[in-house]
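Chemist: Next come the chains, spelled out residue by residue.
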Amino acid sequence: MAIRERLSGNEAVAYAIKQVNPDVMPAFPITPSTEIPQLVASYISNGDIDTEFIPVESEHSAMSATIGASAAGARALTATSSCGMALMWELLYVAASNRLPIVLTLVNRALSGPININCDHSDSMGARDSGWIQIYAENNQEAYDNFLQAYRISEHKDVHLPVMICQDGFITSHALANIELIEDDKVKSFVGEYEPEHYLLNDDENIAIGPYAVSNYYMETKKGQITAMRNAKKVIQEIGKEFGAMSGRSYGLFEEYKLDDADYAFVMIGSAAGTTKDAIDELREQGVKVGLLKIRVFRPFPADEMTAALKNVKGIAIMDRAESFSGQSGPIASELGAALFMAKSEAKVINYIYGLGGRDYTVDNAKDIVTELRDYVEKGTEPEQYKYIGLRSR
Amino acid sequence: MKDTVEIRWHGRGGQGAKTAALLLADVCFKHGKNVQGFPEYGPERMGAPITAYNRISDHELRVHSNIYDPDYVVVVDETLLEAIDVTAGLNPNGAIVINTTRPKEEIIPHLKGYEGKVYTIDARRISEEALGKYFPNSPMLAAIVAVSGVMEKDEFMSQMRDSYQHKFAKKPEVIDGNMKALEMAFSEVTA
Numbered sequence: 000m001a002i003r004e005r006l007s008g009n010e011a012v013a014y015a016i017k018q019v020n021p022d023v024m025p026a027f028p029i030t031p032s033t034e035i036p037q038l039v040a041s042y043i044s045n046g047d048i049d050t051e052f053i054p055v056e057s058e059h060s061a062m063s064a065t066i067g068a069s070a071a072g073a074r075a076l077t078a079t080s081s082c083g084m085a086l087m088w089e090l091l092y093v094a095a096s097n098r099l100p101i102v103l104t105l106v107n108r109a110l111s112g113p114i115n116i117n118c119d120h121s122d123s124m125g126a127r128d129s130g131w132i133q134i135y136a137e138n139n140q141e142a143y144d145n146f147l148q149a150y151r152i153s154e155h156k157d158v159h160l161p162v163m164i165c166q167d168g169f170i171t172s173h174a175l176a177n178i179e180l181i182e183d184d185k186v187k188s189f190v191g192e193y194e195p196e197h198y199l200l201n202d203d204e205n206i207a208i209g210p211y212a213v214s215n216y217y218m219e220t221k222k223g224q225i226t227a228m229r230n231a232k233k234v235i236q237e238i239g240k241e242f243g244a245m246s247g248r249s250y251g252l253f254e255e256y257k258l259d260d261a262d263y264a265f266v267m268i269g270s271a272a273g274t275t276k277d278a279i280d281e282l283r284e285q286g287v288k289v290g291l292l293k294i295r296v297f298r299p300f301p302a303d304e305m306t307a308a309l310k311n312v313k314g315i316a317i318m319d320r321a322e323s324f325s326g327q328s329g330p331i332a333s334e335l336g337a338a339l340f341m342a343k344s345e346a347k348v349i350n351y352i353y354g355l356g357g358r359d360y361t362v363d364n365a366k367d368i369v370t371e372l373r374d375y376v377e378k379g380t381e382p383e384q385y386k387y388i389g390l391r392s393r
Numbered sequence: 000m001k002d003t004v005e006i007r008w009h010g011r012g013g014q015g016a017k018t019a020a021l022l023l024a025d026v027c028f029k030h031g032k033n034v035q036g037f038p039e040y041g042p043e044r045m046g047a048p049i050t051a052y053n054r055i056s057d058h059e060l061r062v063h064s065n066i067y068d069p070d071y072v073v074v075v076d077e078t079l080l081e082a083i084d085v086t087a088g089l090n091p092n093g094a095i096v097i098n099t100t101r102p103k104e105e106i107i108p109h110l111k112g113y114e115g116k117v118y119t120i121d122a123r124r125i126s127e128e129a130l131g132k133y134f135p136n137s138p139m140l141a142a143i144v145a146v147s148g149v150m151e152k153d154e155f156m157s158q159m160r161d162s163y164q165h166k167f168a169k170k171p172e173v174i175d176g177n178m179k180a181l182e183m184a185f186s187e188v189t190a
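Going line by line, the protein sequences match chains D and E.
With numbering that gives the first Met the number 0, the residue at position 242 of the first sequence is 241, and numbering never jumps.
With numbering that gives the first Met the number 0, the residue at position 63 of the second sequence is 62, and numbering never jumps.
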């Protein structure tokens, strides 16, 4: 029986860490993810878990120590946000290219400047090309569930890639809400013990991790990474299904909400998807066929699967909670736009930038978007296809 | 989705409005509801105006925006009446609860023509009498439970005793004071 509880998103992830009891957690505090290492440190000092906690002097060191621990053969993780992850930047690539099954629990927060502690996706979207698997959550429940699946994905023999588990800063990380927890024994048997294949502390096998690679080898390393990334698609879906058999909550690469017969679709990531679902229900009552494709896995990018799911819609609102300064689209729209073109889609698309630096996104915003999209499809209006929503009016 | 009760808290940093919102979510969760309790983070400093929110429902709560059309508003610090539009969007069939020593007639002119019910409570006197210190959040919590009727008094009091026993495990001497503050607030909040 599931355990009915109420936890914030940060508490939920910390609880998942407690249940998994990883070997090593180096971390440096940064708002809004600070509570995660703080709660884990309490679990350790209370004797609940025997994770080795390493208080480091910066996020660069946090990721370095996580890489060292993982290379040595430990199940390692860290937590961060925003500028903290920016300071890890070069090490993110090192973790991925060394194929280390690290888990990073990221609480999404805007990058400076202006300095801002609130949510957007500029931190993780900036790291989208670093070679990490990225999995996003709509609420505390998904943040918890995603963490419990993370090591199964990262440690899978066909994958061996680090995984970033993302949730929206403050919006889910600091909001108290209902959640269903899974019993310790079920979690333990689902996650399993970590048995590394190749690791530095293995006396029987001498290996090097992270050596210099000349031009003769560098490119093959990248090909290996992308092969693993492509393999991850299948693995993530299998594990999401297995998780569903255990918990009653199945997961795929994305969630389809009322998309089957939809004329109009939102495509988005994170907590704003929940707000959009309420708008969709209201619009459906008025007879407007609207649906949602909520991206759970952004890396690997499920291009073929998404374009197939969107093949019957007439209008798509692609929602980006990060700017990429190309001047023509945010990160999701640039990738999904390319995928739709490759799939010969004729859907009309508008890309909205919303929610930067914690700007609120409301049910009314979502309804306005559908109105604009319908006018575009039905009346042939030609709206700007790349625009901001929720800006101050003065 | 009007089977969801939405509450907005206005306070100043350090007064415990956020804690009160989280406690309300907690006690409604124990009552079997689906809940949300969350603060809106601005500049974090003592004395700065802060806002916190609650949604309480029999249904799953999916919306993640702030609350613009609350059913109830709680004003923990009456000096905010001049600084902030506390009745913005407030449901005329709902109510506002204000911590003040002043009679209601002096408060109403600050409420921008709000036509719903106006409740006042002197949380300072209650807190100082019951706890010996000024912590307005316990009396304001009881006041909003009394006004909104989100749960019955007896159940609220028994759940709160449990919460306090957990929260103040290391200083049980403050439990009775907090319970007294809740009791007083329940009977003293007036329309």
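Since the hints were derived computationally from the structure, they do not count as laboratory data.
Heads up, a few of these hints could be off.
Simulated pairs of lysine-lysine, DSS-like, Cα-Cα distance not exceeding 27 angstroms [as the list claims (entries may be wrong)]:
#  : chain 1 : residue 1 : chain 2 : residue 2
1  : E       : K29       : E       : K166
2  : D       : K185      : E       : K29
3  : D       : K386      : D       : K343
4  : E       : K29       : D       : K17
5  : D       : K257      : D       : K221
6  : D       : K17       : E       : K166
7  : D       : K378      : D       : K343
8  : D       : K343      : D       : K232
9  : E       : K103      : E       : K179
10 : D       : K232      : D       : K310
11 : D       : K17       : E       : K169
12 : D       : K313      : D       : K366
Stretch-level coverage of chain E by chain D, calculated; a stretch enters the list once three of its residues show a Cβ under 8 angstroms from a Cβ in chain D [as the list claims (entries may be wrong)]:
#  : stretch
13 : 31-38
14 : 61-69
Pairwise CB distance ranges, derived in the manner of DEER restraints [stated by the list, open to error]:
#  : chain 1 : residue 1 : chain 2 : residue 2 : range
15 : E       : M45       : D       : K156      : 51 to 57 angstroms
16 : D       : N201      : E       : S162      : 46 to 52 angstroms
17 : E       : E182      : D       : D49       : 41 to 47 angstroms
18 : E       : M45       : D       : F340      : 50 to 56 angstroms
19 : E       : H165      : D       : E381      : 43 to 49 angstroms
20 : E       : E114      : D       : A307      : 51 to 57 angstroms
21 : D       : E381      : E       : S162      : 55 to 61 angstroms
22 : E       : E114      : D       : E237      : 41 to 47 angstroms
23 : D       : S392      : E       : E114      : 49 to 55 angstroms
No experiment lies behind these values; they were computed from the predicted model shown.
In this text, a Cβ means the ideal position worked out from N, Cα and C, and glycines have one as well.
Chemist: Now tell me, hint by hint, if it's right for this structure.
Modeler: For each hint, the structure was consulted:
1. E:K29 x E:K166: This hinted pair holds, its Cα atoms lying about 15 angstroms apart.
2. D:K185 x E:K29: Satisfied, since the Cα-Cα distance of roughly 25 angstroms is no more than 27 angstroms.
3. D:K386 x D:K343: holds, 24 angstroms
4. E:K29 x D:K17: Since the Cα atoms of E:K29 and D:K17 sit roughly 24 angstroms apart, the hinted pair holds (cutoff 27 angstroms).
5. D:K257 x D:K221: violated, 38 angstroms
6. D:K17 x E:K166: holds, 21 angstroms
7. D:K378 x D:K343: holds, 23 angstroms
8. D:K343 x D:K232: Since the Cα atoms of D:K343 and D:K232 sit roughly 23 angstroms apart, the hinted pair holds (cutoff 27 angstroms).
9. E:K103 x E:K179: holds, 24 angstroms
10. D:K232 x D:K310: holds, 20 angstroms
11. D:K17 x E:K169: Status holds; Cα separation ~24 angstroms.
12. D:K313 x D:K366: holds, 17 angstroms
13. 31-38: holds (count 6)
14. 61-69: Holds, because 6 residues of the stretch 61-69 of chain E bring their Cβ atoms closer than 8 angstroms to Cβ atoms of chain D.
15. E:M45 x D:K156: 51 to 57 angstroms: With a Cβ separation near 54 angstroms, E:M45 and D:K156 satisfy 51 to 57 angstroms, so the hint holds.
16. D:N201 x E:S162: 46 to 52 angstroms: With a Cβ separation near 50 angstroms, D:N201 and E:S162 satisfy 46 to 52 angstroms, so the hint holds.
17. E:E182 x D:D49: 41 to 47 angstroms: Hint holds: Cβ distance 45 angstroms, inside 41 to 47 angstroms.
18. E:M45 x D:F340: 50 to 56 angstroms: holds, 54 angstroms
19. E:H165 x D:E381: 43 to 49 angstroms: violated, 60 angstroms
20. E:E114 x D:A307: 51 to 57 angstroms: holds, 53 angstroms
21. D:E381 x E:S162: 55 to 61 angstroms: Because 57 angstroms falls inside the window, the suggested range holds.
22. E:E114 x D:E237: 41 to 47 angstroms: Given about 58 angstroms between the Cβ atoms, the range is violated.
23. D:S392 x E:E114: 49 to 55 angstroms: Given a distance of about 27 angstroms, which is not inside 49 to 55 angstroms, the answer is violated.
Violation of the numbered hints given earlier is confined to hints 5, 19, 22, 23; the remaining hints are satisfied by the structure.
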